[in-house]
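Trainee: Now for the letters of each chain:
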Amino acid sequence: MLKIRNLNAGIEEKKILNGINLEIKPGEVHAIMGPNGSGKSTLASVLAGRENYEVTAGSVEYLGKDLLELSPEERAGEGLFLAFQYPVEIPGLSTTNFIKTAVNEIRKYRGQEPLDAVAFLKLMKEKMALMNIDQSLLSRSLNEGFSGGEKKRNEIFQMAMLQPKLAILDETDSGLDIDAIRIVANGVNKLKSKDNAVLVVTHYQRLLDYIIPDFVHVLYNGRIVKTGTKELALELEERGYDFIKSEVAEEVDR
Amino acid sequence: MDNLQYIRNKFDQLQAENATSGLQAIRKKAFDSFNRLGIPIKHEEWKYTRISPLFNKEYKLNQATPVSWKELEEIRLPGYEQATELVFVNGIFSFPLSTIRSSHILVMPLEEAVKSEYREIISKHLGHSGKYQKDGINALNTAFVKDGVFLFVKKGQIVEQPVYIYNVTDSRSGNVLSQPRSLVYVSENAQVQIVETYGTLGLDESFTNQVLEIIVDRDARAEYYKIQNDSAHTNQVSTTHIRQIAKSYTHTVTISLNGGIIRNNLNLVLDAEYCEGHLYGLYLQKGQTHVDNHTVVDNVKPNCFSNELYKGIIDERATGVFNGKIFVQPQAQKTNAYQSNKNILLSDDASVNTKPQLEIFADDVKCSHGCTVGRLNEEGLFYLQSRGIPSKIARSLLLHAFAIDVLEHIRPEPIREYVDKLISERLEFDGHD
Chain A
1 MLKIRNLNAG IEEKKILNGI NLEIKPGEVH AIMGPNGSGK STLASVLAGR
51 ENYEVTAGSV EYLGKDLLEL SPEERAGEGL FLAFQYPVEI PGLSTTNFIK
101 TAVNEIRKYR GQEPLDAVAF LKLMKEKMAL MNIDQSLLSR SLNEGFSGGE
151 KKRNEIFQMA MLQPKLAILD ETDSGLDIDA IRIVANGVNK LKSKDNAVLV
201 VTHYQRLLDY IIPDFVHVLY NGRIVKTGTK ELALELEERG YDFIKSEVAE
251 EVDR
Chain B
1001 MDNLQYIRNK FDQLQAENAT SGLQAIRKKA FDSFNRLGIP IKHEEWKYTR
1051 ISPLFNKEYK LNQATPVSWK ELEEIRLPGY EQATELVFVN GIFSFPLSTI
1101 RSSHILVMPL EEAVKSEYRE IISKHLGHSG KYQKDGINAL NTAFVKDGVF
1151 LFVKKGQIVE QPVYIYNVTD SRSGNVLSQP RSLVYVSENA QVQIVETYGT
1201 LGLDESFTNQ VLEIIVDRDA RAEYYKIQND SAHTNQVSTT HIRQIAKSYT
1251 HTVTISLNGG IIRNNLNLVL DAEYCEGHLY GLYLQKGQTH VDNHTVVDNV
1301 KPNCFSNELY KGIIDERATG VFNGKIFVQP QAQKTNAYQS NKNILLSDDA
1351 SVNTKPQLEI FADDVKCSHG CTVGRLNEEG LFYLQSRGIP SKIARSLLLH
1401 AFAIDVLEHI RPEPIREYVD KLISERLEFD GHD
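From first to last, the protein sequence lines are chains A and B.
Following the numbering used here, the numbering of the first sequence begins with 1 at its first residue and continues without gaps.
Following the numbering used here, the numbering of the second sequence begins with 1001 at its first residue and continues without gaps.
Possibly wrong hints are sitting among the right ones.
[Said to hold, decoys possible] Pairs of lysine-lysine residues, derived as DSS-like cross-links and limited to a Cα-Cα distance of at most 27 Å, are as follows:
id	chain 1	residue 1	chain 2	residue 2
1	A	Lys108	B	Lys1392
2	A	Lys108	B	Lys1421
3	A	Lys165	B	Lys1392
4	B	Lys1057	B	Lys1124
5	B	Lys1421	A	Lys100
6	B	Lys1334	B	Lys1355
[What the hints assert, rightly or not] Here are some chain B residues pointing at chain A (derived, C-beta under 7 Å):
id	residue
7	Glu1073
8	Gly1380
9	Phe1382
10	Tyr1383
11	Gln1385
12	Arg1387
13	Gly1388
14	Ile1389
15	Pro1390
16	Leu1397
[As the list claims (entries may be wrong)] Quick list of the computed label-pair ranges, beta carbon to beta carbon:
id	chain 1	residue 1	chain 2	residue 2	range
17	A	Ser136	B	Arg1411	22 to 32 Å
18	B	Ser1103	A	Leu130	19 to 29 Å
19	B	Glu1378	A	Ser136	40 to 50 Å
Keep in mind that the hints were calculated from the coordinates and are not lab data.
Please read all numbers here as calculations on a predicted model, not as lab measurements.
Using N, Cα and C, we set each Cβ at its ideal position, and we do this for glycine too.
So that you can see chain A by itself, here it is in the shape it has in the complex:
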């Protein structure tokens, strides 16, 4: 589904990603962990097409297409979804109107007819129940004045509405208490199928107690320095990132 080869990217003059290699297959859950500043969010941003990052080398193939050639909206149309670390507040734009536009623009991209009001409402109700989200939240301006938990839940609600093939969760757990994490993770798990994949970007292991990864990758200095199973996440939690750093240092020394 996703093949990242030797991806190098940065912002302005600063190099952040130094040769990422990663392959994700349908039905898999991957976690990317790493200390602050290791390039986790950069990777998520580059995949979603954030403009201010520059790719200097490497390639990303997504469902047989060159992902880097696509605009952010085309990527969404192709089934890519990024749950933002900091969802943007947009006063004056109703959440419902926003989601309706998104759903129908993606349908348009795929050559499908737009959902009419009745069908849209039905889909909304279904996903609202799934995410345990309240109508009153959706009639408010997009993310405006939402609590941290509400914002993240809204991200996963959007994911439920858009039904992506590949969902990237960028530090979705940051700033959430354990109850909120459980709700968010629960939503993600309910959306999992053999046809779609999830890439969880996180600093802490705790989210992975709820979203069980098939693979855990450790990102350090813009490279994946270690790959393992969910046990690796537990080891990181126990020993901290320092042991990775020293392992990497040893490698360099050799």
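Based on these hints, arrange chain B on the given structure of chain A.
Mentor: Below, chain B alone, put in the same frame as chain A:
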């Protein structure tokens, strides 16, 4: 012939033809002021809006021309079937085109009003704006006051449907200078909504110098909406002067979409205790349209509240100006006055000059002001795009969202929908890739 000389001749002619008019003295006094003050050239209040070149053109002043509703269909506002419609053509009130659809209001020519039982109201309030507009432009309008109307809202009456005022310029046979002038009096415990718009027939240039004065009495409620969506060859100075003479409520929304040079003077004089006034504005500019909003909130008496929000979206080579003055007079303790001006520039050639000006002479007051000038929120744009919304639509959604907290204050529904449609069309049409 020199344009100013033409104006002088016209004035002499007007006075000679109306020798017995009750407005003679007001006109004379104003014309003296005009001669003394002249056209603003190096005037602090006109720093960013140069109107003197407009006076280098030859105009026909207060020229009556025949116009029919058929020709005005394009500017007719939705909901007109129920509304009272007052039409001015080249500054002259047209009885045949106007329809009064409410028994709660009286409309009479100022010339008549000044001789009627309302003469005291006229003599007391007509020209009060001159105290705030100390320039020749306001005086010039007053010097030619003749064909405007007095709109009286009866005591205790709620005018259910809005009053639409159309200012039509007919420049099909030469440049036109028109000077609409009216006085509105909202009596005790009365309520009215006034919507004003502008339209032009013909391709010659026009300059509209308008003054509307609104007096609001005890426990009355006045809403005023101005919609400027005229052609690029039309210029205007539009002064709206609202004076609350007893505890009352006012609400104004100024929407500027199209035109050449547009200068709006909006004065809100809180001349009694416990008055409340809201001022909203939205300017959405492109091409070379110049929009200058000069607002004054004058807190004369204690315990008044005012809230002001103006927003601008400026594209291409357009320029915007916002100047918001708040005066708190020594007596006006416990004043609450808030002001905010926010701007988005969409092109490198667009510009805005924004200036809040607070002059506070009382010590127990709450006043705040703030202004911002920025670009479209890139992070917001990416957020929408990442959800599959193409950048063009995303931009339009973001700009519409920016405008909404002004738009939502347009209370007459057909008008709100009408303006919303104009704005949505504009934002879609202007979408950049």
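Trainee: Hint by hint, note whether the structure agrees.
Mentor: Here is how each hint holds up against the structure:
Taken as a hint, the Lys108(A) and Lys1392(B) pair is honoured in the structure, with Cα atoms around 15 Å apart against an allowance of 27 Å. This hinted pair checks out: Lys108(A) and Lys1421(B) have alpha carbons roughly 23 Å apart, not beyond 27 Å. A distance of roughly 25 Å separates the Cα atoms of Lys165(A) and Lys1392(B); the hinted pair therefore holds under the 27 Å criterion. Taken as a hint, the Lys1057(B) and Lys1124(B) pair is broken in the structure, with Cα atoms around 35 Å apart against an allowance of 27 Å.
Only pairs whose Cα atoms come within 27 Å are accepted, and Lys1421(B) paired with Lys100(A) is accepted, the gap being roughly 19 Å. A distance of roughly 24 Å separates the Cα atoms of Lys1334(B) and Lys1355(B); the hinted pair therefore holds under the 27 Å criterion. The closest approach between the C-beta of Glu1073(B) and any C-beta of chain A is roughly 32 Å, which is over the 7 Å cut-off, so the hint fails. Because the smallest distance between the Cβ of Gly1380(B) and any Cβ of chain A comes to about 5 Å, under 7 Å, the interface hint for this residue holds.
The closest approach between the C-beta of Phe1382(B) and any C-beta of chain A is roughly 6 Å, which is under the 7 Å cut-off, so the hint is satisfied. The closest approach between the C-beta of Tyr1383(B) and any C-beta of chain A is roughly 4 Å, which is under the 7 Å cut-off, so the hint is satisfied. This hint holds: Gln1385(B) has a C-beta 4 Å from the nearest C-beta of chain A, less than the 7 Å allowed. The criterion of a C-beta within 7 Å of any C-beta in chain A is met by Arg1387(B), whose closest approach is roughly 4 Å, and the hint holds.
The beta carbon of Gly1388(B) is positioned within 7 Å of a beta carbon in chain A (closest approach about 3 Å), and the interface hint is therefore held. Taking 7 Å as the C-beta cut-off, the interface hint given for Ile1389(B) holds, the closest approach to chain A being about 5 Å. For Pro1390(B), the interface hint holds, the least distance from its beta-carbon to any beta-carbon of chain A being 5 Å, beneath 7 Å. The interface hint given for Leu1397(B) is met, as the beta carbon of that residue sits about 6 Å from the closest beta carbon of chain A, less than 7 Å.
Checked against the hint of 22 to 32 Å, the C-beta distance between Ser136(A) and Arg1411(B) comes to roughly 24 Å, which is consistent with it. Ser1103(B) and Leu130(A) have their C-beta atoms about 58 Å apart, which leaves the hinted 19 to 29 Å range violated. As the Cβ distance of Glu1378(B) to Ser136(A) is approximately 30 Å, the hint placing it in 40 to 50 Å is violated.
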